[in-house]
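Chemist: Chains A and B, in that order, are what the protein sequence lines are. Quick note on our numbering: the first sequence kicks off at 1 and runs consecutively. Quick note on our numbering: the second sequence kicks off at 1001 and runs consecutively.
Hints are computed from structural coordinates only; laboratory data are not their basis. Treat the hints with care, since some could be wrong.
Reference excerpt, derived from the structure (chain B facing chain A, CB under 8 Å, subset only) [claimed, not checked]: (1) V1189; (2) A1222; (3) L1256.
The beta-carbon is built from N, C-alpha and C at its ideal position, and this holds for glycine as well.
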Amino acid sequence: MTDRVLLSIENVAVDLPTPRGNLRAVDGVDLKLNAGRTLGIVGESGCGKTMLSRAVLQLLPKKAMLSGRVMFDGKDLVTLDRERLRKLRGRSLAVVFQDPMTSLNPVLTIGTQLIETLQEHLELDMAAAKRRSVELLAAVGIPAPEQRLTQYPHQLSGGMRQRVAIAIALSCEPELLIADEPTTALDVTIQAQILDLLAREQRRRHMAMIIITHDLGVVAGRTDEVAVMYAGRVVERAPTQALFKKMRMPYTEALLAAIPKIDTAPHTVLPAISGRPPDPTRPLKGCSFAPRCRYALAGCHVEKPALTAAETPAHQFACFYPIGTEARVPA
Amino acid sequence: MMQQSAPSAEPLLKVDDLVVEYFVGGKTVHAVSGVSLDIARGETLGLVGESGCGKSTLGRAVLQLRPAVSGKVLFDGNDLTAMRGDPLRKMRQRVQLIFQDPIASLNPRRRIGDIVAEPLVIAGIKDPDKRRKMVCDVLSAVGLDPALVIGRLPHEFSGGQCQRICIARALVLNPDFIICDEPVSALDVSIRAQILNLLEEMKARYGLTLLFIAHDLAVVKAVSDRVAVMYLGRLCEVGPSEQLFAKPAHPYTALLLEAIPVPDPDVRPAESVAVGEPPSPIAPPSGCRFRTRCPRADARCAAEMPELRMVAPRQYAACHYPLT
Chain A
1 MTDRVLLSIE NVAVDLPTPR GNLRAVDGVD LKLNAGRTLG IVGESGCGKT
51 MLSRAVLQLL PKKAMLSGRV MFDGKDLVTL DRERLRKLRG RSLAVVFQDP
101 MTSLNPVLTI GTQLIETLQE HLELDMAAAK RRSVELLAAV GIPAPEQRLT
151 QYPHQLSGGM RQRVAIAIAL SCEPELLIAD EPTTALDVTI QAQILDLLAR
201 EQRRRHMAMI IITHDLGVVA GRTDEVAVMY AGRVVERAPT QALFKKMRMP
251 YTEALLAAIP KIDTAPHTVL PAISGRPPDP TRPLKGCSFA PRCRYALAGC
301 HVEKPALTAA ETPAHQFACF YPIGTEARVP A
Chain B
1001 MMQQSAPSAE PLLKVDDLVV EYFVGGKTVH AVSGVSLDIA RGETLGLVGE
1051 SGCGKSTLGR AVLQLRPAVS GKVLFDGNDL TAMRGDPLRK MRQRVQLIFQ
1101 DPIASLNPRR RIGDIVAEPL VIAGIKDPDK RRKMVCDVLS AVGLDPALVI
1151 GRLPHEFSGG QCQRICIARA LVLNPDFIIC DEPVSALDVS IRAQILNLLE
1201 EMKARYGLTL LFIAHDLAVV KAVSDRVAVM YLGRLCEVGP SEQLFAKPAH
1251 PYTALLLEAI PVPDPDVRPA ESVAVGEPPS PIAPPSGCRF RTRCPRADAR
1301 CAAEMPELRM VAPRQYAACH YPLT
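Modelling step: build the complete structure from the supplied sequences, incorporating the hints.
Modeler: Shown next as structure tokens:
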């Protein structure tokens, strides 16, 4: 079951026309996800992680140009007709967005929104759909679920709204759930609850899950595999344990080092990453991280390193002078 | 009066039993309910809590941007709550504010040079050459090249650079005290460290005292000498940063610490440490406001409001059943 490739992203690129020229948001990404597994996609704003997830869901902005293939369960989502795509989305391919206030319809009750999804995809009658809705709300930890059906999104707190969004996403037993920054808008104690809920439902339903986040802490204990993105490309990809044990790409290392940890002593100077990410409308010839990398050598600015594996095939990184090799000299 | 900081010098800021309320639709929002704290000269006090706990309201009430219902705010011995008009404006020049959203807090139609010079104009510095020199000095101090920056508009800068500009504007009058309200929450991880380092550098260079408001405990710990934890309008715990994080006495502090995702796959996230959600500040629970989510709460917690009491040297907690 878990050896079956559910999602295969093959050489996907997304281009957005802007007044300042073409913006390459995603630049040749290859990723695979097996059924029932969890993948974390980590990166800062503008790295292309959200555009990549939109490419998978076929929810890109109208002007965006997509190339490559997105194979989901043997079907290429890029060439699939609209009707079949619509049947697939919400049914076997579900999504939870960052802001539950904007992803829920403010003028429809919670019940209407849940029942609509259930009736659309599962062809349940009203009574069955209602029963199912109550079960789902209870499963995601919403107290007094019967009463909630008649409430509107604004009557719930941010955490409760995100639980409702998760209930809707889970309603048709999807095979893949994409959670795009599901807890960024929430407080830290609520964040822990929502992440626990997602992990529990993922295990219980054996569904595959992609968690998109800027926080390495969110993916550390809760994913099987992590892909780190920078300037539209995957720059390091590895099983979660292996990645945190031995980071090879200098960007991943710098990103982790720059986060203040709970055991950091007060007034320690944090190892900040100097500069900022490159302008995506002005692509660099060499490695995109080279201008900010403390290990970069002349060659890094000339040629783009490909994502390749070294010791183990599962651990890939895009760097000419990865951490842990002799040739590396801090500049 | 409780003495929280070193008793050697008079604190620069003393907040005494401050109460701030909002009135919304005929209902009272108890935003800050009787908070007392001291900040010593040269100290950084971190103020943490979840959204709606009143931490930003407290920051604003210190500056008198929000009128207090009762209580006092003593800044360098002067009661700001009793001051009006010119004397208050003069005093405010010594207290500056940095906000969460650096882009929204800069006027998009004004040039950076004018934005940073504005406090000087208000303070009555009439000589434009002098103003220009002060603006250039402070822009260099925050790591921006004045020649490249002063003629440009905010939209030409990234979030991190805009926050540097906001910091420059706060520093240009050489204040004594800066209230930083979530100064890095809107910034990316790689930029966050740059701004935190800059704040530390500026604190040393300008001899500042800081009130650092944030929801991220690790960020707060990185810059603070002492940390105050707030929940639903009240202080739960105050203490030296290292001590408070190593041995939290209030169950809410412990809960916050457990809820932080740790970037280490060997640290298994503790399953559902947090129970429920914070109640509404319109109808806060009786007694201890945290009791509805507290694993230790009993009848006494509902009946009796716990006062801040010393639980360890310099560490105070408002709990009937502290953890230490």
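Chemist: All hints are to be evaluated individually against the structure, with a verdict given for each.
Modeler: Checked hints:
{"no.": "1", "hint": "V1189", "in the structure": "6 Å, holds"}
{"no.": "2", "hint": "A1222", "in the structure": "4 Å, holds"}
{"no.": "3", "hint": "L1256", "in the structure": "6 Å, holds"}
In this structure, none of the earlier numbered hints is contradicted; all agree with it.
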